[in-house]
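K.L.:
Each chain is listed here by its residues.
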Amino acid sequence: MVSPARVSERRLSIPNNPITGILLAIPGYFVGVWLGTLFGLADDQNTGVILGYVFATVLFLAGVGFLNYPLERLFGWRVTPISDPDENRGIGRFFRLSLDHKVIGIQYLVTILVMLLFGGIGAMLIRTSLLVPDASITPAGNYLPLIGLHSVMMIFITSAVIVGPFGNYLVPLMIGARRMAFPRLEALSFWVVPPAAVILAASILWGGFQTGWTGYPPLSEQAGQGMDSYIVGFGLIAVALVTSGVNMLATIIGLRAPGMTWTRLPMFVWGIFTTSILGLLAAPVLAAALMMLALDRTVNTSFFLASNGGSNYLWENLFWFFGHPEVYIFILPAFGIIMEIVPHFARKPLWGYRTGVVGLFGVALLSWFVWQHHLFVSGIAPVLRPFYMLSTELISIPTGIIFLVTLGTLWRARVWFTVPMLFCLGFLFNFLIGGISGVYLSDVPTDVTLHGSYFSMAHFHYTIMGGEIFALMAAAYYWLPKMTGKMLSPTIGRIHFWAMFIAFNSTFFPLFLAGLLNMPRRVATYDPALVGLNRWVTISAYFLFASMVLFAGNLIYSWFFVSKPALANPWHARSLEWQVPTPVPARNFDRVPVIVAGPYDYGIPNARPVADLGGMVGATGGG
Amino acid sequence: MGAFRIEEADRPHILRLLIVWVILSAIGIVGVLQINYPPYDQSIQGQDQASTLKLLTALATPVFIAVVMMVVYSAIYFRRTTKELVDGPPMLGNTPVQIAWVAISAILVLFLAVVGIATLSSENVAQLVGAPGRTIGGGQTGSGTTGEENKEIHVQVIAQQWYFTYRYPDYGGVETTHLYLPVNHPVELHVTSLDIIHSFWAYQLGVKADANPGVDNIFHVTPQKTGSFQVRCSELCGLWHGHMVDSEGQVVNQSDFDTWIAQQQKDFETIASAVPSYAPYYFPLPLVKGS
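Chains as they are written, first to last, in this note's numbering: chain A, 178 to 800; chain B, 58 to 348.
Rather than coming from a laboratory, the hints here were simulated on the basis of the structure. Take these hints with a grain of salt, some might be off.
Covered by chain A, according to a simulated footprint, are these stretches of chain B (three or more residues, beta-carbon under 8 Å) [said to hold, decoys possible]: (1) 234-247; (2) 257-266; (3) 269-279; (4) 293-301; (5) 308-319.
Ideal Cβ placement from N, Cα and C applies to all residues, glycine included.
Using the sequences plus the hints, can you model the full thing?
P.N.:
Encoded structure:
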């Protein structure tokens with residue numbers, strides 16, 4: 178601690194905002210390129226491009242204001258709070274570095290939805306290209322960068338789309354805290370996402386990358402400078418996963434309000450908790466693999482080059498050791514959302530709370546033991562194939578538990594059919610198909626035919642889009658009234674649900690068939706016999722995109738053009754986040770709430786309200 | 058915990074669901090058993106895969122129907138009918154039902170795993186278990202499953218951007234541009250790559266094997282029907298990945314194969330000196346970067 182007498186009044190006088198960040202990032206990029214050209218190996222620009230992206234990102238973050246606090250502490254300047262939640266309530270706080278978890282949630286929401294628009298446009302271009310079997314609309318040289326961009330962009334989005342907006346906004350509200358454990362880390366986990374998206378998009382300037390999201394070397398070592406975007410962009414997402422994971426864990430463990438015992442924790446928080454464990458442990462593996470790839474590409478190490486003693490199996494193992502927990506990073510918060518929302522609209526307690534939590538942990542634990550099922554035909558360790566087949570199939574047991582808990586909650590319920598409830602039921606249908614098709618892929622004999630075909634592509638779109646994105650929609654219709662202060666139109670919501678549900682199934686179910694009929698992934702040219710099927714899928718995909726546009730319209734309309742504010746608790750839900758006023762006060766709770774009952778105690782005679790919001794006398798803390 | 062007991066209020070629902078489920082599942086199972094599953098029956102391995110697909114689909118059908126029925130049934134019968142909000146019965150869980158659910162799913166899963174492992178270790182699909190995954194160096198092509206009278210033919214599949222070639226070490230290392238296999242004769246495929254990862258996919262034969270540089274990836278196949286098959290790459294390998302297709306693979310009878318291979322050997326003689334001798338894998342270009 179610096180003694181007050183020595184604290185200087187000097188401060189950094191640069192205005193901290195994203196514009197400053199961009200103004201610093203652009204020269205930073207060129208300095209990086211210049212240094213890379215100076216010291217890098219002569220025959221490629223990869224060193225310069227990677228350094229450029231890293232410099233640009235660091236300077237962008239500095240411009241946004243991330244270095245103020247450490248610099249001020251270092252030099253003994255007066256420490257300026259970046260944003261005090263009591264002041265700075267204007268619209269401008271959404272465009273600056275803010276340490277308020279509610280602001281970060283909204284920042285995340287808008288950023289991710291914009292990214293989703295671009296990812297979706299990528300999907301439409303891919304489907305348009307597949308209207309013809311001969312790559313005459315999009316030549317292979319454009320098609321492969323397109324699928325690379327679509328896939329990696331979507332992976333960025335789906336890694337963060339629930340934890341980012343809803344996790345950051347709601348976890349403190351749900352556990353009765355005033356903030357996250359590490360607000361600066363929380364802000365960092367958001368502010369690396371826009372640079373990651375921009376860097377990824379910048380790969381277009383270099384002709385993109387032709388490796389898909391898996392980035393298998395040696396192909397990714399052959400690839401041009403577009404590949405460097407993949408490395409740095411994905412690396413930044415790894416940073417986001419680690420920072421958000423450690424922060425969520427610390428918050429949920431450490432900042433729960435008095436009385437918020439582990440058995441009163443809302444299921445959504447359990448979903449975030451388990452996914453954070455996976456993110457914290459899996460993302461460093463990805464970062465290590467990306468580092469090796471960067472070294473291979475820049476300073477000619479040969480981690481992945483068999484001709485020089487390396488092995489491409491190293492990448493495949495590291496990538497999927499990250500990659501398979503990664504897909505559960507997508508789906509665990511979605512499970513949490515389903516088990517969270519269904520009791521409130523079934524008006525029944527969650528049927529088997531502890532069993533549901535065990536299910537989440539079962540999925541999280543097993544996800545570490547399955548990664549080689551992506552490598553059944555790769556030639557790695559054939560004797561281990563039965564083990565990975567068994568471990569993969571075992572995941573259907575905890576996943577089945579999630580279904581059991583949800584269906585048990587619906588049993589003899591008084592279901593209130595709201596739009597979030599519709600999306601929950603849609604999730605159950607889609608994820609059922611996604612899960613069952615996963616068993617087909619986990620079985621080695623059938624995987625020989627299905628691996629790398631449209632069957633696996635349809636499978637993971639069923640789990641990610643049909644699962645995670647449907648859960649996201651349920652969450653959006655359910656929680657946005659609290660977050661934006663406006664109800665989304667339920668009429669448009671119903672149209673949106675049915676359009677999306679039908680169009681989604683009509684798009685992806687035929688692709689199982691395409692895979693069974695010998696259509697490999699990632700090709701612009703295919704068997705002309707499948708042209709009818711592909712055209713059907715493309716038309717359906719347009720409708721699917723239109724349904725998402727309908728959602729965007731509903732969101733924008735309700736947010737900015739509806740003047741009637743949402744009720745504080747429009748769903749008459751018991752859980753804590755609905756007991757605070759809308760808009761949520763700057764400090765969430767006047768006093769630390771004391772939790773006295775579970776969030777799902779519907780129909781229980783003499784059930785108490787979930788919390789005593791009057792708080793403990795004299796309690797402070799959390800602030 | 059107590060004995061397993063069905064509550065009075067549950068009975069009509071359970072009865073209705075059970076009857077509809079049994080009827081729909083029976084129809085569904087009979088239906089999916091009629092389908093002719095890919096990759097059909099050109100090879101013994103392909104036929105095994107097709108029958109596994111059929112088994113999986115037959116098992117998945119009742120599960121799928123059960124869950125969808127529960128969802129739809131809840132949406133119809135457990136919908137709130139009153140205008141104002143009412144709470145449902147406060148059921149907190151039912152241990153016997155939960156145990157039963159987990160037990161049934163565990164039995165299904167373990168059954169599938171046992172069937173899968175049995176298929177893997179059966180003699181037909183010896184490509185997967187018990188076969189050496191890769192033999193590095195020496196060019197030895199071991200497999201414990203060959204009989205004296207039915208000796209396996211060895212074929213090396215060499216992938217490169219963007220086509221496959223095939224070498225027959227049993228026939229002097231002759232290299233061809235199309236894959237010909239004799240019918241009813243076990244074949245040991247040695248898949249390798251000259252540059253990056255490819256994947257050798259002979260759809261009709263039910264074979265998919267990644268081609269890794271510096272690795273000899275061994276798969277087995279026994280064609281049982283003559284006819285053509287398609288070979289294509291199924292691992293993204295760059296610009297012309299989609300064009301890495303050859304539809305002129307042929308399963309032929311033994312005499313046609315002998316004629317064909319003799320012709321190939323004759324053609325090969327003229328270029329044999331330019332082609333490296335047979336090896337488990339090759340590094341044509343030193344992929345040393347920047348040297």
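K.L.:
Hint by hint, say whether it matches the structure.
P.N.:
The hints, checked one at a time:
1. 234-247: That given contact is violated, which follows from only 0 residues of the stretch 234-247 of chain B lying within Cβ reach (below 8 Å) of chain A.
2. 257-266: Coverage by chain A holds here, the residue count being 6 at a Cβ distance below 8 Å.
3. 269-279: Satisfied; 6 residues make the cut.
4. 293-301: It holds, with 8 qualifying residues against the three required.
5. 308-319: violated (count 0)
In this structure, the hints that do not hold are numbers 1, 5, in rising order.
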